[in-house]
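Engineer: Please work from the sequences and hints to get the whole structure.
Residues per chain are reported as follows:
Number of protein chains: 4
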Amino acid sequence: MSATRYTYLGPEGTFTEAALRTLPEAATRELVPTVSVQAALDAVRNGEAAAAFVPIENSVEGGVTATLDELASGEPLMIYREVLLPIAFALLVRPGTKITDVKTVTGHPVAQPQVRKWLRAHLPEAVWESAASNADGARLVQEGRYDAAFAGEFAAATYGLEALVRDIHDAANAETRFVLVGRPARPAAPTGADKTSVVIWQREDHPGTLQALLQEFAARGVNLMLLQSRPTGAGIGNYCFAIDAEGHIADLPMGEALMGLKRSCAKVRFLGSYPRAGATAEDVTPLRPGMSDADFTAASDWLARCQDGRA
Amino acid sequence: MSATRYTYLGPEGTFTEAALRTLPEAATRELVPTVSVQAALDAVRNGEAAAAFVPIENSVEGGVTATLDELASGEPLMIYREVLLPIAFALLVRPGTKITDVKTVTGHPVAQPQVRKWLRAHLPEAVWESAASNADGARLVQEGRYDAAFAGEFAAATYGLEALVRDIHDAANAETRFVLVGRPARPAAPTGADKTSVVIWQREDHPGTLQALLQEFAARGVNLMLLQSRPTGAGIGNYCFAIDAEGHIADLPMGEALMGLKRSCAKVRFLGSYPRAGATAEDVTPLRPGMSDADFTAASDWLARCQDGRA
Amino acid sequence: MSATRYTYLGPEGTFTEAALRTLPEAATRELVPTVSVQAALDAVRNGEAAAAFVPIENSVEGGVTATLDELASGEPLMIYREVLLPIAFALLVRPGTKITDVKTVTGHPVAQPQVRKWLRAHLPEAVWESAASNADGARLVQEGRYDAAFAGEFAAATYGLEALVRDIHDAANAETRFVLVGRPARPAAPTGADKTSVVIWQREDHPGTLQALLQEFAARGVNLMLLQSRPTGAGIGNYCFAIDAEGHIADLPMGEALMGLKRSCAKVRFLGSYPRAGATAEDVTPLRPGMSDADFTAASDWLARCQDGRA
Amino acid sequence: MSATRYTYLGPEGTFTEAALRTLPEAATRELVPTVSVQAALDAVRNGEAAAAFVPIENSVEGGVTATLDELASGEPLMIYREVLLPIAFALLVRPGTKITDVKTVTGHPVAQPQVRKWLRAHLPEAVWESAASNADGARLVQEGRYDAAFAGEFAAATYGLEALVRDIHDAANAETRFVLVGRPARPAAPTGADKTSVVIWQREDHPGTLQALLQEFAARGVNLMLLQSRPTGAGIGNYCFAIDAEGHIADLPMGEALMGLKRSCAKVRFLGSYPRAGATAEDVTPLRPGMSDADFTAASDWLARCQDGRA
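Chains as they are written, first to last, in the numbering used here: chain E, 270 to 580; chain P, 270 to 580; chain X, 270 to 580; chain Y, 270 to 580.
In short, the hints are calculated from the structure, not lab data.
Zero decoy hints are in this set.
Because identical chains share one entry, a pair is satisfied inside a single copy or across any pair of copies.
List of simulated lysine to aspartate or glutamate pairs, EDC-like, C-alpha gap at most 16 Å: (1) Lys386 x Asp311; (2) Lys536 x Asp564; (3) Lys536 x Asp570; (4) Lys464 x Asp552; (5) Lys367 x Glu394; (6) Lys464 x Glu551; (7) Lys386 x Asp436; (8) Lys372 x Glu394.
Structural biologist: Next up, the structure:
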């Protein structure tokens, strides 16, 4: 295993690389682009890399399904960090291209809905074709296959292009969430503003079941941050759920909620507890009365006293 | 403290004494009648008796409020045993009295609703007056104060009376539940068919609150057997709740439910875990999937593995 | 039927009569005391009286079981008014009796727990015996059977007694709730501070069932004011529940909650919607967002538009 | 408006067209392929087509996000029919191509995860590039841009290709769900095996909120079939939920659940009630006791009687 190699969803010059470079440790790692999320994660699974950096959620498109599905299946992996990156596209063209010259545009399929309205307003006649990545789209423009590509502005230099239009994003708060993934190990200690990710598979499908599972969190005052259904592959109507909840597995309420899920679900996969990107203790949802670690410890002590006849 | 003295709600010759004598250990104890439930329990609290035997619930009248209120307040006590006794009254009269001679009848206030229909049918003109106990009613008949008393047939001999009518009880399944109460100590080991009693005080009164507290049991698959509201004495609208739930405090689901209550309630008083009278393992409500002690242990092990990075 | 006759739990000179006389209409009615709650209610059922006035709840003793059980069974009746009366006892004695002369005391069994602490502190040696009513206790003192009776001070004149001690009540806020009961009819219009009473019988006894029933209220934002379990008479472990909830049956949230109960329960008995004693609009629990009558109407209109293809 | 024109996600020769042709009415309609889901739906919105036929869910990839997002926003549309089509790919090549000749493959991005394992096993060296559609991939093979395309076998003839391998699908039960969408109108009458689709926006994000919304269904015994979170575009952490529930808006339990959602949510968009594809009355989840239309009607009648004093 290479302790210093980090894979990431390539190619170079994408938002993923830009997000990865916001991590201080990235400066001292060997950063290796891969052709797919799967390849990035497989390098971790087979010991060729210490960690992989991949997109997991997009504020416009929703869950990045390849990442969710890879984390939910195969050999277990864990999330250790998350990064939020605001997303704004530049329209990259070969030098000299004018807006009226643009008949074909390309970009990653995930980019398309984020520039859809802009396209309709400014290039209603342009034909869109998907590229394997935004950077790849830039390369295809360089090669002359398309007239323009949506990509991060930082990709222009790499491919000898120029940014004809900057800061394109249909939604006001477009951002993408990325995660740093490694093999299972003890999670980092709580920071006071943490998040826990799991994937759960329901035991059976009857009225109230999902609601009963969510109750495991609610009953312990644990706040849900994300609920994402994913098909299990067993046919329409069969889902698992990727859940992000506020707090750390070392917190007693979270621990009890997770044990409740473990008992109630057919299967639970723990994907890690890690610091919430850009959050401080002030961003944390206030605890309901009786739901602090101290309350859990006091209740546990009380139970022991009752069991011993000392209550 | 007298380790061999048991107080019980007297006087002699009541259903309470009859129920107490169904306990094998009663044969080797000094059984001391008291004038009230409070006196029986106070003797335990101040060390004059090892245990007190008092009625706690009646299938016709509901909770025996004096017992519930005494257990909910004052120095803590614990329940160690329960006894169920079918209740059937005899109409006791002085020898020679005929049914047509009976103009006044007496008995404990709790007896009255259990013989109400019988009285309406057979002695519609008779005037009822309450006595301090069924046995005391018998004594008052002996003294000539009333013509007849409702009491257990076993009281006839004590007071020189005879049973004019036997087996009187309005409801088909009339029975009374009695409990053996002592000072707090480690509960007896689980028998496989146990019951746990608590009294809870709500933190505040808002929509859904009581429902949220009951959810602490439901979420762990613990079955409720009794829910009895009792005024707290702080005015109309202020209640505490006496709850009997199926299972033993040493059972992991019950333990977690009790800790949940402890956190969510203003106050919880543990009143004991003890064998269910007349119940065997066959009478126990089947566990929901995932709610066995083994499931709780497995979930706890899994949590520890996740926390250690070994899941 | 006598449209002007009101029965009440007698005899004359009790707190019940005092409470009844707080109703303005009492001045123009023929007020007839009865020997029991049952007699008062039966007079309504058989048409001899227009209404009956009986105690239903006591802030120290809890539910007045005879009233609850009579309302829950037999021919249906409805509650039209409630009255709250602060309870304070006087110790009534024959003129000239000194506190040191008092060896025996009497009073209604419900009075006993309300003066228990006072008795322990001031008359620890006195023997208590129950009377059929507080007023009856006063009569027995008049007749010389007991030395003193706990009763309302207003009873002294009736029985030629004097109040040796006034304002006795163990609990700070002792009060009793009384209800005016009549045959079923359209409830009075909502006043803005109303209460609805029902009795429910569960369909079956399994974990979460009672919690599911309470959910019918919680889901519509309806606040519970009282939950009182009562044995059904079918043996220990079989209960029905008397429930008071905040609001009027004409309120849409209450109506939907009641329909939900009707569907989920084996049986529901509607006992009436009536003004809350001593409450104004300011005492009403604020509605949760989306739970006003206007919200219910808007949702109903929206549903109709959806069903018609006009949403 | 053209009452006989149906748009569908083109081009010709895709699974979408194959699924559309399973509808009997398709034989009498003018079927017009469009370049995108948006274009298909816009044609309905602006009156150029009577209905649009688009994929909405894929048993491997999950929600077809373009369709979900288009239905959740813009001018309201409604779903009138759904079709389930088993998905199996053929590997289409130019006549004469051998498996060992295949160095580059293409197909729709949604196809890729469904053939991923097959590719790894049989063409581990082949480079994948996404096409705008499976049919478009076939065209690109015809043009010589790629060596092979994954597409429905039915596309081979259209593009002069042959199926080198048939019946490729990683998951055992791969299928896609398509919907026929039109402008809002009265839903078709219930068939006894129906489904209702809505999109909901939460009022606020606090613990238990989503669980409370799901409770609106559970409380009326309505079974959830799909829960799909979708970003609202207001930044990471802001979702709406697409929900499919079992039953018809004309069913009383569903109607009451929808009204409950309407009151509890910031916004609810009704997307239609329509027959479940391939389901008969035997596939319908049995109703919980008390949850039939008859039970709802009986409860409503009972409420009216109570309100009128006739209960």
